[in-house]
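Listed below are the residues making up each chain.
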Amino acid sequence: MTSQTPTLRQTPFALPTFNRESVIVSLLAILTLVGGIAGVGRLFLGLGSTTALSDVYSWGIWIGFDFLLIALSGVGFTMAAVVHVLHLEQFKPALRPAILFGLLGYVAVLLLLVLDLGRPDRFYHFILFWNVHSPLFEISWCVLLYTTVLAIEVSPYLSERLGWRKPLAWFFRLITPVTIVGVTLSSLHQSTLGTLYLNMPHRLHALWYTPLLPLLFFVSSVLAGLSVAMLVYQVAVRIRRKPLETSVLTGLGKGVAGVALFYLLLKLADILIAGKVAALFAFDRPSWLMWAELLPGVLLPALLLGLPSLRRKPLMWWVAPLLVVVFAIGLNRFNATLFAQVNLPGDALYTPHLLEWLSTFGILSAAALAWYVGMRLLVIFDSRAEKEFGH
Amino acid sequence: MTTQPTQTVTRRNFLKGSGVAALALWGLTATTPAAASSGAVDDDAFGMLIDITRCHGCNSCALACKKANDLPLSQDPPTCLDCKSYSYINECEAAAPDSAEQTRYVKRQCMHCLHPGCVSACTVGALRKTAEGPVVYDSDKCIGCRYCQYACPFGVPAYEWNNPLGLIHKCEMCFERLQAGEQPACVEACPTGAIQFGRRKDLLMQAHARINFDPDRYVHKVYGEYEAGGTSVLYLSDVPFADLGLPTLSDQSVPHYAEGMMTKTPVVALTVAAAATGLHFARKDKGHEAADHVDQEDAS
Ligand code: SF4
Ligand code: SF4
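Quick note, the sequences are listed as chains A and B, same order.
Under my numbering, the first residue of the first sequence carries the number 1, and numbering increases by one thereafter.
Under my numbering, the first residue of the second sequence carries the number 1001, and numbering increases by one thereafter.
No lab work stands behind these hints, which were simulated from the structure alone.
Computed from a prediction, not measured in an experiment: that's the story for all the values here.
No residue lacks a Cβ here, since even glycine has one placed at the ideal position from N, Cα and C.
Among the hints, erroneous ones may be present.
Distance condition first, Cα-Cα at most 20 Å in a straight line; then the derived EDC-like pairs of lysine to aspartate or glutamate [claimed, not checked]:
| # | chain 1 | residue 1 | chain 2 | residue 2 |
| --- | --- | --- | --- | --- |
| 1 | B | 1084 | A | 55 |
| 2 | A | 387 | A | 121 |
| 3 | B | 1141 | A | 121 |
| 4 | B | 1067 | B | 1160 |
| 5 | B | 1084 | B | 1214 |
| 6 | B | 1067 | B | 1044 |
| 7 | B | 1201 | B | 1225 |
| 8 | B | 1201 | B | 1285 |
| 9 | B | 1067 | B | 1043 |
| 10 | B | 1201 | B | 1251 |
| 11 | B | 1284 | A | 55 |
| 12 | B | 1264 | B | 1251 |
| 13 | A | 387 | B | 1285 |
| 14 | B | 1284 | A | 121 |
| 15 | A | 166 | A | 386 |
| 16 | B | 1284 | A | 89 |
| 17 | B | 1201 | B | 1044 |
Label pairs and their computed distance ranges (CB to CB) [unchecked claim]:
| # | chain 1 | residue 1 | chain 2 | residue 2 | range |
| --- | --- | --- | --- | --- | --- |
| 18 | A | 177 | B | 1070 | 31 to 37 Å |
| 19 | B | 1095 | A | 37 | 51 to 57 Å |
| 20 | A | 277 | B | 1070 | 51 to 57 Å |
| 21 | B | 1266 | A | 277 | 35 to 41 Å |
| 22 | A | 120 | B | 1074 | 37 to 43 Å |
| 23 | A | 357 | B | 1226 | 28 to 34 Å |
| 24 | A | 285 | B | 1101 | 35 to 41 Å |
| 25 | A | 357 | B | 1101 | 47 to 53 Å |
| 26 | B | 1074 | A | 357 | 39 to 45 Å |
| 27 | A | 167 | B | 1132 | 29 to 35 Å |
| 28 | A | 110 | B | 1163 | 44 to 50 Å |
| 29 | B | 1100 | A | 272 | 49 to 55 Å |
Covered by chain A, according to a simulated footprint, are these stretches of chain B (three or more residues, beta-carbon under 8 Å) [to be verified]:
| # | segment |
| --- | --- |
| 30 | 1084-1095 |
| 31 | 1209-1219 |
| 32 | 1243-1255 |
Take the sequences, apply the hints, and build the full model.
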């Protein structure tokens, strides 16, 4: 245990030397600072002068990154389900880095949402005024509740570090219901993000618009979750200088390959059944965008992690999940929000304002920094409390 | 457990969790969506009939709209819908085969859909379809999320971009005037009778009567009768509606699929919770067995 207790020298507040870790941390800190100033500036100046948004492109990169980040933060419910619902205990080492990523991801989502709201001072209105038909209403509630669930799930990492035994005992008694509530809330809002686009039949290109959107968004959040779990586990063991358990990665890799294939099948089935094959082979902009999602984003990682010989290669543990994150999830969420929006007035254009970029990267950097500090200071690996109170 | 470093799982185990929930969702999406139900629309609800052949583009309506809604006046008449103009005349180059007139003037404003996407989408229910017909907006609720702009097939709701506490702006068919027994300001201002106000069902009958009376003059269709599930505002024209900048839309209302899904939220929640609970208990012991399972293939 003592070996993992960070000494002052190891904390980011006293960076010892000029190495890769300290450079990355400093960079994140600078981005956070600049982004914070940009974000505060936006709150005072309003959207008109600080963004490139317009009545046609009313949602920009804030919303794009928001929906991307929600999918990636699906790592929280995915890994909680793997370990506590399916009882695949062998993935426990990857659980805590994942849950903390989930929590900070959702906090970043909330910050981005507040920046994007036209009336940030009324962010709480969804609690007072209900519209149960509105996907965004449901998403708001689920995100709020699920962020609370994630905070509860992270609490024992801190309690154990601080030696608070009472809350620890309570937490391990409640872990099953908390997990199930979290999985339920996640399934709801991850799929409802797809439902959100069902209200845009006139705007969303036919290759993306399908009644299956809720299902596609849900499955892709699991795909995103397993991929992010691979990535954050590898980063976490490096930060904590722990031995890498390869079986965790090959196991998660199999999961990514399986879910990717299932997702690919769903997408192809939709295109076939709805008669959109011609659109897929039109080789115009939307068609290329769809191919870019499907081939490098879904099929390639499925192969890289599906074939046993490739799955054992450490390089694939980085390449394949990154492909999923960038193409299958990142591009997909940005396509739905921006690039695959059609039937708009011809002269409409959206080139994000510098302030949008700075504030976005500021918030993402802050979350990354917080995750790093968490990896350093919290009980992440080899929890004794888990052995003592757990089952 | 870290004490057993070489265990792994089969893909089957992995997919089980997501598979069950996914199947449940699949089943739910595949069923027929519930009819869009944003507010019950009165059969006697009001509407407007705009006859393109009678409009000369004098802009009296746009001016009256600005006055009625206390919007800032500008030198030139508005050329698009924005937070300062709830109505404008869209000048379109479009000619009927046997007409010398090259320009058509299309009065645009909120269509007051029968099943409005904006109402269904609004996060906080700030938009509402009234039984009287108008789709109205409660600025005290709005959080400025701008989802309504994406859910409107006519590009109507406009955001006040230059205000740090900006809100949404759109035509409300002069709801307050209607309640006082008056007509919408634009209707009253129109010198040629190109905009008519009345009960939607009467206006529809009138529109079809006009087409039947002069079938060579009019396109044989009332725009808005079925578009996006029907709108309270209707158009008659002598040139194809697509040439007038009016979007070509299906008869399905915008919220059709989304509301079908949203009304199933409790079912989805219960299904997932039950499936997760079931799996948790079903696999409670199996989990420890699986923990002893070593996959040779990846044990390297
Ligand atoms: S035209 Fe647009 S703003 Fe007007 S009711 Fe229909 S969806 Fe709402
Ligand atoms: S911007 Fe306002 S009116 Fe439009 S959907 Fe959001 S809360 Fe509703």
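Hints, one by one, checked against the model:
1. B/1084 x A/55: holds, 13 Å
2. A/387 x A/121: Violated, at roughly 45 Å.
3. B/1141 x A/121: holds, 11 Å
4. B/1067 x B/1160: holds, 18 Å
5. B/1084 x B/1214: Since the Cα atoms of residue 1084 of chain B and residue 1214 of chain B sit roughly 38 Å apart, the hinted pair is violated (cutoff 20 Å).
6. B/1067 x B/1044: Between residue 1067 of chain B and residue 1044 of chain B the Cα gap is close to 28 Å, so the pair fails against 20 Å, i.e. violated.
7. B/1201 x B/1225: With a Cα-Cα distance of about 10 Å, the restraint between residue 1201 of chain B and residue 1225 of chain B holds, given a limit of 20 Å.
8. B/1201 x B/1285: At roughly 66 Å apart (the allowed maximum being 20 Å), residue 1285 of chain B and residue 1201 of chain B break the hint.
9. B/1067 x B/1043: violated, 30 Å
10. B/1201 x B/1251: holds, 18 Å
11. B/1284 x A/55: violated, 53 Å
12. B/1264 x B/1251: violated, 23 Å
13. A/387 x B/1285: Holds, because 17 Å separates the two Cα atoms, which is no more than 20 Å.
14. B/1284 x A/121: Violated - the C-alpha atoms of residue 121 of chain A and residue 1284 of chain B are around 46 Å apart, more than 20 Å.
15. A/166 x A/386: Holds - the C-alpha atoms of residue 386 of chain A and residue 166 of chain A are around 14 Å apart, at most 20 Å.
16. B/1284 x A/89: Answer holds: residue 1284 of chain B to residue 89 of chain A is near 10 Å, not above 20 Å.
17. B/1201 x B/1044: Given that 20 Å is the threshold and the Cα spacing comes to 7 Å, the pair holds.
18. A/177 x B/1070: 31 to 37 Å: violated, 54 Å
19. B/1095 x A/37: 51 to 57 Å: holds, 56 Å
20. A/277 x B/1070: 51 to 57 Å: holds, 53 Å
21. B/1266 x A/277: 35 to 41 Å: Since residue 1266 of chain B and residue 277 of chain A have Cβ atoms about 37 Å apart, the given range 35 to 41 Å holds.
22. A/120 x B/1074: 37 to 43 Å: Since the Cβ atoms of residue 120 of chain A and residue 1074 of chain B sit about 30 Å apart, the hinted range of 37 to 43 Å is violated.
23. A/357 x B/1226: 28 to 34 Å: Cβ of residue 357 of chain A to Cβ of residue 1226 of chain B: about 44 Å, so the range 28 to 34 Å is violated.
24. A/285 x B/1101: 35 to 41 Å: holds, 37 Å
25. A/357 x B/1101: 47 to 53 Å: The hinted range 47 to 53 Å holds for residue 357 of chain A and residue 1101 of chain B, with Cβ atoms some 49 Å apart.
26. B/1074 x A/357: 39 to 45 Å: Violated - the Cβ-Cβ distance for residue 1074 of chain B and residue 357 of chain A, about 34 Å, lies outside 39 to 45 Å.
27. A/167 x B/1132: 29 to 35 Å: violated, 56 Å
28. A/110 x B/1163: 44 to 50 Å: Distance hint for residue 110 of chain A, residue 1163 of chain B is violated at roughly 23 Å.
29. B/1100 x A/272: 49 to 55 Å: Cβ of residue 1100 of chain B to Cβ of residue 272 of chain A: about 51 Å, so the range 49 to 55 Å holds.
30. 1084-1095: violated (count 0)
31. 1209-1219: violated (count 0)
32. 1243-1255: holds (count 6)
In the structure shown, a violation is registered for the earlier hints numbered 2, 5, 6, 8, 9, 11, 12, 14, 18, 22, 23, 26, 27, 28, 30 and 31, in ascending order.
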